[in-house]
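Protein chains: 2
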Amino acid sequence: MSETFVIAQGGGPTAVINQTLAGIVLEARRQHPGCRILGSKHGVRGIRDSNFVDLTDIPEARLRQIAATPSAALGSTRDKPDAAYCEQILKGLRNINATAFVYIGGNDTSGTQAILRDASDGFIAFVHAPKTIDNDLEENDHTPGFISAAEFVAGSFLSVDLDFCALPGLYCGIVMGRHAGFLTAASAAWRLDEESGPHLVYVPERPFARARFVDDVKRTMAKHGRCVVAISEGISAPSGKSMVEELVAPDRLERDAHGNVRLSGTDLGQAIERVIAEDLKGIRARVDTFGYLPRGNIGMISEVDAGEAFEAGAYAVTVAGEGGGSVALKFDGEKTVTRRVPLENVAGKTRHMPDDFLDAEENRLSAKGIAYLERLVPRRFDPAKPFV
Amino acid sequence: MSETFVIAQGGGPTAVINQTLAGIVLEARRQHPGCRILGSKHGVRGIRDSNFVDLTDIPEARLRQIAATPSAALGSTRDKPDAAYCEQILKGLRNINATAFVYIGGNDTSGTQAILRDASDGFIAFVHAPKTIDNDLEENDHTPGFISAAEFVAGSFLSVDLDFCALPGLYCGIVMGRHAGFLTAASAAWRLDEESGPHLVYVPERPFARARFVDDVKRTMAKHGRCVVAISEGISAPSGKSMVEELVAPDRLERDAHGNVRLSGTDLGQAIERVIAEDLKGIRARVDTFGYLPRGNIGMISEVDAGEAFEAGAYAVTVAGEGGGSVALKFDGEKTVTRRVPLENVAGKTRHMPDDFLDAEENRLSAKGIAYLERLVPRRFDPAKPFV
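As they're listed, the protein sequences go chains W and A.
Per our numbering, the first sequence starts with residue 1090, numbered consecutively.
Per our numbering, the second sequence starts with residue 1090, numbered consecutively.
Because the hints were derived from the structure by calculation, they are not lab data.
One or more hints might be untrue.
A pair holds if it fits inside one copy or across any two, identical chains being indistinguishable in the list.
Said to hold, decoys possible - DMTMM-like, lysine to aspartate or glutamate: derived pairs with alpha carbons at most 25 angstroms apart:
#1 K1370 / D1168
#2 K1169 / E1335
#3 K1457 / E1227
#4 K1370 / E1334
#5 K1370 / E1411
#6 K1438 / E1176
#7 K1474 / D1138
#8 K1307 / D1168
#9 K1312 / D1138
#10 K1474 / E1116
#11 K1180 / E1335
#12 K1307 / E1284
#13 K1474 / D1146
#14 K1312 / D1168
#15 K1474 / D1168
#16 K1180 / D1197
#17 K1370 / E1149
#18 K1474 / E1400
#19 K1474 / D1143
#20 K1424 / E1228
As the structure is a prediction and not an experimental result, all values here were calculated from the model.
The following block holds chain W by itself, in its conformation from the complex (with noise of 0.2 angstroms):
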């Protein structure tokens, strides 16, 4: 029977998930001769809908410009399967004698595939190519999209804080993350030298107090004469309570139906606003939240992770081929290879940035941090130092 191959993907959008897609199209033709290869719109839906776009005689020429292009072309979902969407999806596949269904994406996709597996008759090989830019997988030294979204925040903060040398003040930049803070880490790739912002670092992992946050912010502006501060979104009060919920008024809280607080780098960045104006007075201040803009950014493209994205694609057939499993990107010592792990290793788990990697005393990042970043995120320019 020849091989047909599914393509999905799935969660949050990349700058390098095509680069996946696009490595397992062209891995399987080449491996797989006369292989269809089927890709899925907007995640497991199109399979549960029969919503298919045919890849296996798309140009090569047509793939690599696919490829090159940021965000899902698959388009993608944030659907959770519950069983009887499982057996919809299951159904699915078999009606097309699937042989191998890929699901590009970060830990809710890897669970899916790992539910998906447990309920099948294991004539299909479940496989996981990674994908995050939020860098939280389980297994993995680091994830295709991230050095991208890195190289956005870490450029950014760069240039902010050239910006607040030339006109001095406080600049907070809301990063995305809800649990793992290496993207708001990241920050501090690009940073000159020891003097250089951004200052603070906030992360989901360590809890933010705001008598901390307004000491360590005029201890900053005392030194420096500025203060450039990387926030996360997901970041939370010692409490454990969101930040949102903790420095909003009550009154002033949006709920959704379940009586969720609902969450945004906008009501945070407000949050932060209102402590500056409160407990910072006199301080210029700028609060900006980045929310999508470092995810997928058509600018801000690494090489190093397109390449790294197209070999998960192309590894995840050999994977398929060897039963299924999810691909991780592993750090060798000296480069980054393939590798494959057991589904259940990555599935719906969270990686969260050591705890190492921030000063115990300080919220900056430690020399073990920025030696990660530097790895991963190596400075691509040599800015000039203002006079001032």
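Starting from the known structure of chain W, fit chain A onto it as the hints suggest.
Same frame as chain W, but now just chain A:
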């Protein structure tokens, strides 16, 4: 008597304001061998306080590195000198026997030059070299700094639109610009086709009505299944009040000591989020505030912009030799050229985006607006349209 050039940088930094600085230094050396060149730190404040950096013999390689670095290497200022401050500046210029003062900046900066010239004894040539991401200087086809910022905005909206093809919903990006909408309009420069976002563009030149916004979004969602919106920080309600004042409940407004409402992208962003929560229920939405990210981003410096900024600086030396004035970038029908114009034509004035750059009936760019942007900011990427 040998020439002494004084150079300063004023207002918000840009990606290429140091190109102008380099252009002045290199051209002054070329036209006036043996001249002295002093950089004033933090705008006119450095002249008042005798705080200079000697650029007379700065090596060209170092100058080229500074030129390629965003933000104002000499530091900047937002000081608006009164009569007494002006006298101190003139005294400072006389003390060092300045023969020409070139001030790089926007409309406030050119205003300062006009005031200084009128208060001076005529022995110093006062020159204004243009700079602003707002693109709002009279007499100029466009201004150094705008193209780089515009490319950042255009690339970001292209990228976000691809993101929202993959995961549909409503996106609002808040872009700087208090009085002129050019930078917000640049969001549409790299649209792939009529179906692409941004689907709606709101600029300060046109009143923003809440009900109209809600209708616009609903209609776009129905037509395209997603809605990408560019909103200028400076939009005002039909009443003339700022949108922040209009949208935010009175008890939530923050006011300074003079009773002025504090404006920020984050405030507007949250006001827009409230409108969405109240009037566009059930739509997945994201609001981001670009803030300072476009204005001097090291990852997105246009070579054309850099070249024009350098030329504007070089031409400022010629203008100094002609007794002073403002350097303007004109379009001669084929290319950008530098011309000398009277200071008073630029000083303190704001060029608004022409009314016909927007469709009369819709909040979208007109063919004329698009043509202007496509001439200045041609698309630098050729992304694939997604399958979805």
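For each hint, the structure was consulted:
1. K1370 / D1168: between (45 angstroms within a copy, 20 angstroms between copies)
2. K1169 / E1335: Neither: 29 angstroms inside a copy, 40 angstroms across copies.
3. K1457 / E1227: within (19 angstroms within a copy, 52 angstroms between copies)
4. K1370 / E1334: Both. Shortest intra-copy (23 angstroms) and inter-copy (21 angstroms) distances satisfy the 25 angstroms Cα cut-off.
5. K1370 / E1411: This pair counts as neither: shortest intra-copy Cα distance 62 angstroms, inter-copy 47 angstroms.
6. K1438 / E1176: Cα proximity of K1438 and E1176: one copy only (23 angstroms, versus 67 angstroms across).
7. K1474 / D1138: Answer is between; shortest inter-copy Cα gap is 22 angstroms, intra-copy 56 angstroms.
8. K1307 / D1168: This pair counts as between: shortest inter-copy Cα distance 24 angstroms, intra-copy 44 angstroms.
9. K1312 / D1138: The answer is between: 22 angstroms across copies meets 25 angstroms, while 60 angstroms in one copy does not.
10. K1474 / E1116: between (46 angstroms within a copy, 23 angstroms between copies)
11. K1180 / E1335: neither (46 angstroms within a copy, 54 angstroms between copies)
12. K1307 / E1284: This pair counts as within: shortest intra-copy Cα distance 16 angstroms, inter-copy 48 angstroms.
13. K1474 / D1146: The answer is between: 18 angstroms across copies meets 25 angstroms, while 52 angstroms in one copy does not.
14. K1312 / D1168: Answer is between: at 24 angstroms across copies they meet the 25 angstroms cutoff, but 48 angstroms inside does not.
15. K1474 / D1168: between (48 angstroms within a copy, 23 angstroms between copies)
16. K1180 / D1197: within (21 angstroms within a copy, 68 angstroms between copies)
17. K1370 / E1149: This pair counts as neither: shortest intra-copy Cα distance 59 angstroms, inter-copy 43 angstroms.
18. K1474 / E1400: between (38 angstroms within a copy, 23 angstroms between copies)
19. K1474 / D1143: between (52 angstroms within a copy, 16 angstroms between copies)
20. K1424 / E1228: within (16 angstroms within a copy, 55 angstroms between copies)
Checked against the numbered hints given earlier, the structure breaks hints 2, 5, 11, 17 and satisfies all the rest.
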